[in-house]
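**Q** Next come the chains, spelled out residue by residue.
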Amino acid sequence: MENIIEKYLTQFRESTESLNGNSVSGIHKLRTNAIEKFHELGFPTTKNEDWKYTNVSVLNNFHFRKSPVQNLDKSLAEKYKIPGLDAELIVIVNGIFSHELSEISSQPDGVVIGSLKSAENDLLNAHLGKYSEINNGFTALNTALAGDGVLIYVPDNTVLKKTVHIIYLSGDDNLNALVQPRNLIIAGENSRLNIIETYHSIYGNETLLNSVTEIKCGRNSGVKLYRLQSENNQTFHINLTEAHLEEACNYSHYSVTLGGRLVRNDTNIVLDAENSTGNLYGLYLTEENQHVDNHTLIDHRKPHCQSNELYKGILSGKSHGVFNGKVFVRKDAQKTNAYQSNKAILLSDDAKIDTKPQLEIFADDVKCSHGAAIGQLDEQALFYLRSRGIDEANARKILLRAFANDVFEKIEDEVIHNWLNEIVTERLK
Amino acid sequence: MLKINDLFVSVEEKEILKGVSLEVNKGEVHAIMGPNGSGKSTLANVIAGKDGYEVTSGEIIYEGKDLLDMDPEERAREGVFLAFQYPVEIPGVSNATFLKTALNEIRKYRGEAELDSREFLQYMREKMKLIGIDESMLSRSVNQGFSGGEKKRNEIFQLQMLQPKLAVLDETDSGLDIDALKIVANGVNTFRSADNAVIVVTHYQRLLNYIIPDFVHVLVDGKIARSGGKELALELEEKGYEWVKEGEAV
Ligand SMILES: Nc1ncnc2c1ncn2[C@@H]1O[C@H](COP(=O)(O)OP(=O)(O)OP(=O)(O)O)[C@@H](O)[C@H]1O
Ligand SMILES: [Mg+2]
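Protein sequences, first through last, are from chains A and B.
Under the numbering used here, the first residue of the first sequence is numbered -10, with each subsequent residue one higher.
Under the numbering used here, the first residue of the second sequence is numbered 53, with each subsequent residue one higher.
Treat the hints as calculated values from the structure; they're not laboratory data.
None of these values were measured; they are calculated from a predicted model.
Listed below are the simulated SDA-like cross-link pairs for lysine to any residue, each with C-alpha atoms no more than 20 Å apart in a straight line:
| no. | chain 1 | residue 1 | chain 2 | residue 2 |
| --- | --- | --- | --- | --- |
| 1 | B | K102 | A | Q365 |
| 2 | B | K160 | A | E381 |
| 3 | B | K102 | A | D367 |
| 4 | A | K386 | B | S146 |
| 5 | A | K213 | A | E178 |
| 6 | A | K386 | B | P143 |
| 7 | A | K386 | B | T153 |
| 8 | A | K386 | B | D123 |
| 9 | A | K320 | A | E263 |
| 10 | A | K418 | B | G144 |
| 11 | A | K386 | A | N407 |
| 12 | B | K152 | A | E381 |
| 13 | B | K217 | B | R162 |
| 14 | B | K70 | B | D58 |
| 15 | A | K151 | A | G177 |
| 16 | B | K152 | A | N394 |
| 17 | A | K213 | A | R181 |
| 18 | A | K399 | B | S193 |
| 19 | A | K307 | A | N222 |
| 20 | A | K386 | B | A148 |
| 21 | B | K152 | A | A370 |
| 22 | A | K68 | A | W408 |
| 23 | A | K18 | A | T(-1) |
| 24 | B | K102 | A | D380 |
| 25 | A | K386 | A | D338 |
Make a model of the complete structure from these sequences and hints.
**A** Here is the structure:
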């Protein structure tokens, strides 16, 4: 174990010169602190309450390291484009922003859609690490070692017309790639911004993708973030996405997990001022030996905010799901409206789910509700459909798609809705 | 069309049907009556192919084929239809999508062309008028939030849409007000033809005033205790099931 940690420390010493922030900048200090934190914490163990159901010790079996820059053919990214979506395209290859593969149109004054590595230091100093806390080894490692990622900056009163599509292509056929994108998204006052992140594998070797995305929503802004995880069964995907909302914002997060050997999503929304809304919708389909852990946190810090959370899982094979939904309603956060629901269908006897809703309410004038339901496919409904001539496979598909429907209903963008619907329905065989 | 020979069926080791024999020919309507728990729904469910029933002996021959050998969907495609006593609610699946899928699967099986959306809509509107189904009901999820009567009406609507050869109606009359009863009966009567057959499971003579049966059978404790013409239903109404049971003992 000590040995494994040492390997990451060595990587830090070797690469520190090439990372942003020279040795005197604030960023360098952030990184140095982070690597110390990583040294201290290591990867979490199941003794840690937040990692009780997700055992990451398998990561110690591999020597994950930075993959050399690869020149990929343009056609590779092409096939992951979303048909009919007018998008600014960013392609991240093994965590590194690919200028060759990305296609970004010219932007109005002040808008930045680009690589984190080439970001101005002032901007980084002002925001990086401000909307995420280093509370485990993964965040620490990302902060210490992330070489690149996406920076999106939308100034006040600006509407980004096109959706930003970030395609992550990860994997290396010669080594176990350590892929650590670090993204920073700043939405100014009265701005509008839609982002879709899609994650894919390009090689079969075990890969550790450890990403951190920090989002700052300025007053009265509207931000939507969609994430599709569809990597192969050799990928370990650990992600933290944290959004901080100022006054009267609307932030919606949609998470669709189809792939990955082990997936852990920490998705946090901090309602830091009044009259804001945070929406968190998730759908995960697991099979074989997949493990998907969704940890969510909605932190109501101020009054008159609302949050809606809805997660649905369909688990088959020997797969294992975890849902842990924390909702904090702080003392100040009167008139909070918080709704959480988490449902799962287990399609096999060996599939398993651990769920834990966690409501901690310190204000007294609030409306909070949460519900959880775990069940099997409704056999009565299945028979009903079959008795009308629909074959069993199709009937199952119809029922599972119906189960997922209330998550789909939340996806307003028609192109993304239909595209995800097709992918998910295809997967429901 | 349908020949049930000495059928024994158990559920969870408990014997429910104890030697049922019944023959139904094209153009006929058979009514099955009988006390609660006598096995009427069991018989209907076994015909439709529901899981959980063990046929310990006997056979069901449908159109010359071994019905018990077929999957539920195959039976449906071959023309067997069950109007459920308790139709299931299926949230998230719209009534229209469900019916279009079902109809096209059946048409495909029969070697007929699938209906496109426009053709389907036209066909559906015709049938809706017949059963008095409101357009709004079709965009709603299957049976979800439907009243008891609406659910039953929806079953007959499906009967009309799918045009099976053998329709088994399991207490389709229960929970219907008098107007709905007439509409449902009318739905069944317009369906009737010389080429199909109907089995009506009911507790009440009332329905049989509208759907006039050729034969009435009384199922008691898993056996057909008595069979007769339509006047048997009237007699039952008057004298109750005890009368049949007594008759059985004689
Ligand atoms: N899944 C089951 N498990 C155990 N017992 C069952 C099951 N299904 C049916 N039975 C029993 O079988 C018997 C016959 O039931 P069935 O539903 O066929 O009666 P029925 O004649 O339709 O009655 P009703 O007029 O009340 O609808 C009843 O005693 C019932 O409790
Ligand atoms: Mg019954």
